[in-house]
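Line by line, the protein sequences give chains A and B. So the first sequence is numbered by this note's numbering: it starts at 1 and just counts up by one. So the second sequence is numbered by this note's numbering: it starts at 1 and just counts up by one.
Careful, some of the hints might be misleading.
Given that identical chains are not distinguished, each listed pair holds provided it fits within a single copy or across any two copies.
As the list claims (entries may be wrong) - Quick list of in silico lysine to any residue cross-link-like pairs, SDA-like style, CA-CA up to 20 Å:
hint, residue 1, residue 2
1, 20, 43
2, 20, 46
3, 64, 23
4, 20, 10
5, 11, 29
6, 20, 60
7, 11, 51
8, 11, 52
9, 64, 39
10, 64, 25
11, 20, 53
12, 11, 48
13, 20, 5
14, 40, 16
15, 40, 74
16, 20, 2
17, 11, 35
18, 20, 51
19, 64, 75
20, 64, 31
21, 40, 69
22, 11, 55
23, 11, 23
24, 11, 72
25, 11, 54
26, 11, 53
27, 11, 1
To be clear, the hints were calculated from the coordinates, so they are not data collected in a lab. Just so it is clear, the structure is predicted and the values come from calculations on it, not from any experiment.
Below, each chain spelled out in residue letters.
Protein chains: 2
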Amino acid sequence: MARVIVDVMPKPEILDPQGKAVTGALQRLGFTGLTVRQGKRFEIDVDGDVTPERLDEIRDAAEKLLANTVIEAFDVRVDAE
Amino acid sequence: MARVIVDVMPKPEILDPQGKAVTGALQRLGFTGLTVRQGKRFEIDVDGDVTPERLDEIRDAAEKLLANTVIEAFDVRVDAE
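With the hints as extra help, turn the sequences into a complete structure.
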C-alpha cells in the first residue's frame with residue numbers, strides 16, 4: 001500500500017500561538033536557542049497505486065479539508081519508504 | 001539558520017480519533033480509498049550549527065515536551081533544505 005504525506009503549516013506571515021507556547025515552554029525547561037512553529041502531519045494510506053491523477057485528487061482534498069489555505073500552507077508528497 | 005523537523009504521530013496500536021474523523025469526512029466529500037492518521041509537525045529553527053549534541057538535546061526536548069511517548073512516536077531529522 002502506498003503512502004502519501006501531507007504537511008500543513010501556518011503561513012510565515014501568520015502568528016502561531018501554539019508554536020510560541022512551545023518555544024516558551026522549551027526555554028523554561030532549559031532548551032534555549034530554539035524557535036518552534038507547529039503544524040499538522042497527515043499520513044494517508046492510499047488503496048492502489050499513487051498515479052499523478054490520484055496525487056492531484058489528494059492535493060484537492062488537502063485544499064478542501066486538511067488545510068485552511070487562508071492561514072496555512074500545505075505540501076503533498078509520496079512517502080519515500 | 002539550521003532547521004530541524006520533529007514529526008509526532010500516534011503509535012500504530014493507538015486509536016486515532018482525529019485521523020478517523022478526517023478519513024470519514026474525506027469519504028463523505030467523495031475522496032474514497034484513503035485512510036488518514038493525523039499527527040503533529042514541529043519546525044524548529046536552531047540558533048547556530050546543528051551538532052550531534054544539539055540534535056540529542058532536541059531529541060530530549062521532543063521526548064519531554066513535544067510528544068507523549070505513551071501514545072505517540074516521534075522522529076527528529078535535520079531539514080534537507
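Evaluation of the provided hints:
1. Taking the closest pair of Cα atoms, residue 20 and residue 43 come within 20 Å of each other only across two copies (12 Å); inside a single copy the shortest separation is 25 Å, beyond that limit.
2. For the homomeric pair residue 20 and residue 46, the shortest alpha-carbon distance between copies (15 Å) is at most 20 Å, but the shortest distance inside one copy (34 Å) is not.
3. Only between protomers do residue 64 and residue 23 lie at most 20 Å apart by alpha-carbon distance; the minimum there is 13 Å, versus 30 Å within a single protomer.
4. In this assembly of identical chains, the alpha carbons of residue 20 and residue 10 lie at most 20 Å apart only when taken from the same copy (12 Å versus 23 Å across copies).
5. Taking the shortest Cα distances, residue 11 and residue 29 never come within 20 Å of each other, neither inside one copy (27 Å) nor across copies (25 Å).
6. Taking the shortest alpha-carbon separations for residue 20 and residue 60, only the inter-copy value of 19 Å comes in at or below 20 Å, while the best intra-copy value is 30 Å.
7. Proximity of residue 11 and residue 51 under a CA criterion of 20 Å is satisfied in neither setting, with 28 Å inside one chain copy and 28 Å between copies.
8. Taking the shortest Cα distances, residue 11 and residue 52 never come within 20 Å of each other, neither inside one copy (26 Å) nor across copies (29 Å).
9. Taking the closest pair of Cα atoms, residue 64 and residue 39 come within 20 Å of each other both inside a single copy (17 Å) and across two copies (18 Å).
10. Taking the closest pair of Cα atoms, residue 64 and residue 25 come within 20 Å of each other only across two copies (11 Å); inside a single copy the shortest separation is 33 Å, beyond that limit.
11. For a Cα distance limit of 20 Å, the shortest separation of residue 20 from residue 53 qualifies neither inside one copy, at 38 Å, nor across copies, at 24 Å.
12. For a Cα distance limit of 20 Å, the shortest separation of residue 11 from residue 48 qualifies neither inside one copy, at 32 Å, nor across copies, at 24 Å.
13. Taking CA atoms no more than 20 Å apart as the test, residue 20 paired with residue 5 passes between copies only; the shortest distance there is 16 Å, against 25 Å inside one copy.
14. Taking identical chains as interchangeable, the C-alpha atoms of residue 40 and residue 16 lie at most 20 Å apart whether they share a chain (12 Å) or sit on different chains (14 Å).
15. Proximity of residue 40 and residue 74 under a CA criterion of 20 Å is satisfied in both settings, with 9 Å inside one chain copy and 13 Å between copies.
16. In this assembly of identical chains, residue 20 and residue 2 lie within 20 Å of each other by CA distance solely across copies; the values are 18 Å between and 35 Å within a copy.
17. Taking the shortest alpha-carbon separations for residue 11 and residue 35, only the intra-copy value of 15 Å comes in at or below 20 Å, while the best inter-copy value is 26 Å.
18. With identical chains, the CA atoms of residue 20 and residue 51 are never at most 20 Å apart, being 38 Å at best within one copy and 24 Å at best between copies.
19. For a Cα distance limit of 20 Å, the shortest separation of residue 64 from residue 75 inside one copy, 14 Å, qualifies, whereas the shortest one across copies, 28 Å, does not.
20. Proximity of residue 64 to residue 31 under the C-alpha cut-off of 20 Å is restricted to the inter-copy arrangement: shortest distance 11 Å between copies versus 37 Å within a copy.
21. Both within a single protomer and between protomers do residue 40 and residue 69 lie at most 20 Å apart by alpha-carbon distance, with minima of 13 Å and 18 Å respectively.
22. Taking CA atoms no more than 20 Å apart as the test, residue 11 paired with residue 55 passes in neither setting, with 22 Å inside one copy and 25 Å between copies.
23. Taking CA atoms no more than 20 Å apart as the test, residue 11 paired with residue 23 passes inside one copy only; the shortest distance there is 17 Å, against 25 Å between copies.
24. Within a single copy, residue 11 and residue 72 get their C-alpha atoms as close as 5 Å, which meets the 20 Å cut-off; across copies the closest is 26 Å, which misses it.
25. Taking CA atoms no more than 20 Å apart as the test, residue 11 paired with residue 54 passes in neither setting, with 26 Å inside one copy and 26 Å between copies.
26. In this assembly of identical chains, residue 11 and residue 53 lie within 20 Å of each other by CA distance neither inside one copy nor across copies; the values are 27 Å within and 30 Å between.
27. Within a single copy, residue 11 and residue 1 get their C-alpha atoms only as close as 31 Å, which misses the 20 Å cut-off; across copies the closest is 18 Å, which meets it.
The structure shown violates the earlier hints numbered 5, 7, 8, 11, 12, 18, 22, 25, 26.
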